[in-house]
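There are 2 protein chains.
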Amino acid sequence: MNIKVQLGISNRHLHLTKEVYEMLFDEELTVKKELMQPGEFASDQVVTIKGPKGEMANVRILGPFRSYNQVEVSRHDARTLGVNPPVRKSGDLAGSENITVIGPKGSVDLTESCIIANRHLHMTTEDANKLNLKNDQKVKVVIPGDKSGIIDAYAKITDKASPELHLDTDDANAFLLKGDEILDIII
Amino acid sequence: MNIKVQLGISNRHLHLTKEVYEMLFDEELTVKKELMQPGEFASDQVVTIKGPKGEMANVRILGPFRSYNQVEVSRHDARTLGVNPPVRKSGDLAGSENITVIGPKGSVDLTESCIIANRHLHMTTEDANKLNLKNDQKVKVVIPGDKSGIIDAYAKITDKASPELHLDTDDANAFLLKGDEILDIII
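Sequences listed follow chains E and C, in order. Quick note on numbering: our numbering labels position 152 of the first sequence as 158, and the sequence is numbered without any gaps. Quick note on numbering: our numbering labels position 37 of the second sequence as 43, and the sequence is numbered without any gaps.
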C-alpha cells in the first residue's frame, strides 16, 4: 500500500527535563513556534552542546519538558563534536552517548543522552489501525530526484500525532530534500 | 544480478587544467597518495574554495591535470559556500555553478565548474561487458545498517578502472558509512 506523507527535516535539537532546564536557565521556557506534532513546540531558548572535539552553539530546546534528557544530532554533527551516538528511537537512551549542555545559567554533563534519531513516521493509532501498521514497523520511503532511492523508516504510533516523516539534516543533504516535500511511503 | 564492490567516499576536491593550476601555484603538482582509480592521485596541493556565503580551506587537488576545471562538493558544503550546484557526472559542466578557487599564488573565478558528483560505479569496459552493463546505466546499491536503504547509482565505464562505488560525504553521514565497506550492488 502507498500513502503520501509530509516530510519534516529535524535539525539538531534537544529535549530536557524541567530539573535540568532550571540548572541551565533562569527564565521560563517560552514558545517560539508550534511544531506539526500536537503540543510540541520550538522554544525561544537555545544552548551550546559540547563534546570532546568541539561544540555547537544555538541548539534549540523543544518543548514541553519531558521525563528524560535527549540531545538529537546528525552524524555530521557527531563528527564535529567528537561523539559517537547510536541510532535510536526517542527515549531509548540506555548506552547512548554522553554530552555537555551549556546554558546562560550553568552547564550540565548529561550521561546517556545523545542519539542520532532513527528515521521515523509519525502516525495516530487510529490511522495506523486503518493501515494495519504496527508501532516500530519498517516502512519504505521513496526518494525522487537526482539522488534517488528507497530508504527504511520506522512507524512511531501515538494517540496524538500528525502524519509526518522525520528525517535529519544528513538525509536532507544526501537526498537534496528541502523539507517541504510530500513523499510516497510504501507500507 | 548481485555484485560486491568496494566503497570509496569522496570528500570535497577539485580537478584542474594545467593552465589554471599555474595561476594558483608556483610549484609542481606532486603526488601525496595514489587513488584506487588507475593513474589518479591525491596531490600535496590544497586550495581554498569560496562562494557568496563562505569559504572552505584545505580542499585537495586531485591529479593528473584534466582538460576541464571541476570542483566537487557535497550539498552540505554547498550550503556553507552559498552555491547551488547541480548533481552531474564528471565533465558534464554546462550550466553548473560558478566558484572561486584561491591558491598561494593567486585566485581564479571558475565559471560553470562546481557540481555535486552523481553516485557512480567505476568499472572497466571488459567487466561491464561481462555484466551486460552499459555506461550511465542505473544500478541499485544496498545499504545495510541502522539507516538502511537501496539507493540509485550510475555506471561509469572506462577502459582503465578499478571496480569502486563513489559516494560523497553527505551519503556517508546519512548512511553511517565509514568508507571501508564492501557493498552489494544489484544490476
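In short, the hints are calculated from the structure, not lab data. As the structure is a prediction and not an experimental result, all values here were calculated from the model. One or more of the hints may lead you astray.
All copies of an identical chain are treated as equivalent in the list; a pair is satisfied when it fits inside any one copy or across any two copies.
Okay, derived cross-link-like pairs now, DSS-like style, lysine-lysine, Cα gap no bigger than 25 Å in a straight line [as the list claims (entries may be wrong)]: (1) K140 with K38; (2) K56 with K184; (3) K184 with K59; (4) K146 with K10; (5) K146 with K38; (6) K95 with K184; (7) K146 with K184; (8) K59 with K144; (9) K140 with K39; (10) K136 with K56; (11) K136 with K39.
Hints, one by one, checked against the model:
Proximity of K140 to K38 under the C-alpha cut-off of 25 Å is found in neither arrangement, the shortest distances being 33 Å within a copy and 53 Å between copies. For a Cα distance limit of 25 Å, the shortest separation of K56 from K184 across copies, 23 Å, qualifies, whereas the shortest one inside one copy, 27 Å, does not. Proximity of K184 to K59 under the C-alpha cut-off of 25 Å is restricted to the inter-copy arrangement: shortest distance 19 Å between copies versus 29 Å within a copy. Proximity of K146 and K10 under a CA criterion of 25 Å is satisfied in both settings, with 12 Å inside one chain copy and 23 Å between copies.
Proximity of K146 to K38 under the C-alpha cut-off of 25 Å is found in neither arrangement, the shortest distances being 33 Å within a copy and 42 Å between copies. In this assembly of identical chains, the alpha carbons of K95 and K184 lie at most 25 Å apart whether taken from the same copy (23 Å) or from different copies (22 Å). With identical chains, the CA atoms of K146 and K184 are at most 25 Å apart both within one copy (19 Å) and between copies (24 Å). Taking CA atoms no more than 25 Å apart as the test, K59 paired with K144 passes in neither setting, with 34 Å inside one copy and 39 Å between copies.
Within a single copy, K140 and K39 get their C-alpha atoms no closer than 30 Å, and across copies no closer than 51 Å, so neither meets the 25 Å cut-off. Proximity of K136 to K56 under the C-alpha cut-off of 25 Å is found in neither arrangement, the shortest distances being 44 Å within a copy and 52 Å between copies. In this assembly of identical chains, K136 and K39 lie within 25 Å of each other by CA distance neither inside one copy nor across copies; the values are 31 Å within and 57 Å between.
Taken one by one, the earlier hints fail for this structure at numbers 1, 5, 8, 9, 10 and 11, listed in ascending order.
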